[in-house]
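Novice: Below, each chain spelled out in residue letters.
Protein chains: 2
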Amino acid sequence: MKIALDAMGGDKGPSTLVQGAVRAARELGTEVILVGQEDILSRELSRCGAKGLPISIKHASQVVDMAESPSDALRRKKDSSVRVAFDLVKAGEAKGAVSAGNSGATLATAMFTLGRIKGIRPAIATLVPTLKEPSLIIDVGANVDCKPHHLLQFGIMGALFVREFLKNENPRVGLLSIGEEGSKGNIQVKKAYDLLEASNLNFCGNVEGRDVFKGEVDVIVCDGFVGNICLKLSEGLAESVIAMLRNEIEGNFLAIMGYGLAKKAFKRFKKRVDYAEYGGAPLLGVKGTAIICHGSSEPKAVMNAIGVAHNLAALNLAEKLQASMSNRRDILRII
Amino acid sequence: MKIALDAMGGDKGPSTLVQGAVRAARELGTEVILVGQEDILSRELSRCGAKGLPISIKHASQVVDMAESPSDALRRKKDSSVRVAFDLVKAGEAKGAVSAGNSGATLATAMFTLGRIKGIRPAIATLVPTLKEPSLIIDVGANVDCKPHHLLQFGIMGALFVREFLKNENPRVGLLSIGEEGSKGNIQVKKAYDLLEASNLNFCGNVEGRDVFKGEVDVIVCDGFVGNICLKLSEGLAESVIAMLRNEIEGNFLAIMGYGLAKKAFKRFKKRVDYAEYGGAPLLGVKGTAIICHGSSEPKAVMNAIGVAHNLAALNLAEKLQASMSNRRDILRII
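Heads up: the sequence lines are chains A and B, in that order. Quick note: the first sequence, position 90, residue 806 per the working numbering, numbers continuous. Quick note: the second sequence, position 59, residue 775 per the working numbering, numbers continuous.
Honestly, the hints are just simulated from the structure, not real lab data. One thing to keep in mind: the hints can contain errors.
Because identical chains cannot be distinguished in the list, a pair is counted as satisfied if it fits within a single copy or across any two copies.
DSSO-like, lysine-lysine: derived pairs with alpha carbons at most 30 Å apart [stated by the list, open to error]: (1) Lys794 with Lys900; (2) Lys883 with Lys806; (3) Lys718 with Lys834; (4) Lys883 with Lys848; (5) Lys900 with Lys948; (6) Lys728 with Lys900; (7) Lys728 with Lys930; (8) Lys883 with Lys794; (9) Lys1036 with Lys806; (10) Lys806 with Lys794.
Source: prediction; values computed, not measured.
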């Protein structure tokens, strides 16, 4: 089972991406197709001493710029590395695709190339660390303007993901809002509350901001605008608190030791919040396996993302989602 | 200049609130009117040894429950402590009111009793610590469903607050969104971006979640749903990270020392994020001074809130806001 890697996208260039692919092949045994400019990629591959590993190269002549508009990229760059990677999935030559490139373009390309499950708004799901088991936040950026029934769809997709991927038989689903009672929230969220409550999900009601990291639910549903802000706020907060701590320390040996330890723990925390470390964020709701990574992903994160793509493809998650959705036409018709 | 304190509201009861009032009178020299059940309050006052301090009592026979619906409270409890406190402001007997009671009811009572500045959506503003100077986040909970021009109004009110209260002549205003460019965000935020850019504010563009605590802007504009979630997420994250740190420590002496220091620094951080510690959150856009405190406010937070109410009243902030808004009828007509 092969996974296609957009080996040109990302802030760190092909070298980092190829190293991640080599680690995936070597440490996880995953077959990888590197997609991008052949000369560059074969040079990087030989540098890594990747001989004998199950890695092949598929040439793509174009590269989508990190700042390029997704629609422009989709329209004008039909031979871009990200496009060719998803074409391989569509053609059945790869079982999933991973990109650390321009995330808007990756999203648009995945939706266009693989197609959406009928009636569904694909959403980006990301696992975050909590005091207990990790929780899945869905959506963290694909849909900035949602209707209440889209939030219901996110809940259904999130629950299926957690059931299949984390082997949690009865995932608890919560709705991100500003108070515990169903009467709290904005119009969108209050309507979504009723839909989730009427569904057959294990719906546990609203989750407030202060409870996101407590791990009381397995799936946290929100729109992509709110989810993206929360995710980035969490990353940024860890960084800022470390800097604030540093400002408070002045020469005290124990304080410096404490600061060092706290800093390490924070970095660990930040890495855990950072979805790249968890192996990228799956795009759920498209007909195939698509993983979106941070632009700044290190080889380890790229390896993990390839591993997640492999596992999701092996689980046939996209097919299961599609089957589950087509059995539940009720949720698609809601307006 | 007297400040009315709802001395019955809050999770901790009249004793804590009266202690806060006594500290405000003693340490800040502020005149306070305690509003609530006279027998209880005079007993608490004598317990505190408050003789000679400029504190008086105004009787109010009812108390709004922490879980009561704001509209019920407003309709049925016309002699509640929070209502009588705001009535005192309306009547000119106090220059501002402070409540740590049911915040929805406080909000509704302040808006009903004092009245809104014409055409304006009142918003709750709160100062948060950053790597540099504190930033003001507005709105953190008064308006869960906003139009783009409401976000512009929040920007204008926030900038005026920072100019007057923090003596910052040219506050930088940012819009909370999911990318730096004006083209990033949901429909509401993209339209608000254009309005803010066309205004005479010192608008610095979008602020992403990861930059909230960096202090690059002085005012961060968002709707009350997003703002409330961000504020609570920040509080909860500090708590959860401390608990995660604890889980990682196993008997290592230095690690325990480090943990102790990190924990202290965190508690400090949490207090700084907690708006009660900053002296409560002002409700901007009503015709008078109203301060909303956390239900769990300690005496120090109550004292600080009374101090902030006094300072805002002395600055005539509400009057200045009203004058500034009536000079700018353009912003009220936008749809």
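Novice: Mind listing which of the numbered hints don't hold for this structure, in increasing order?
Specialist: Number 8 - this is the single hint that the structure violates.
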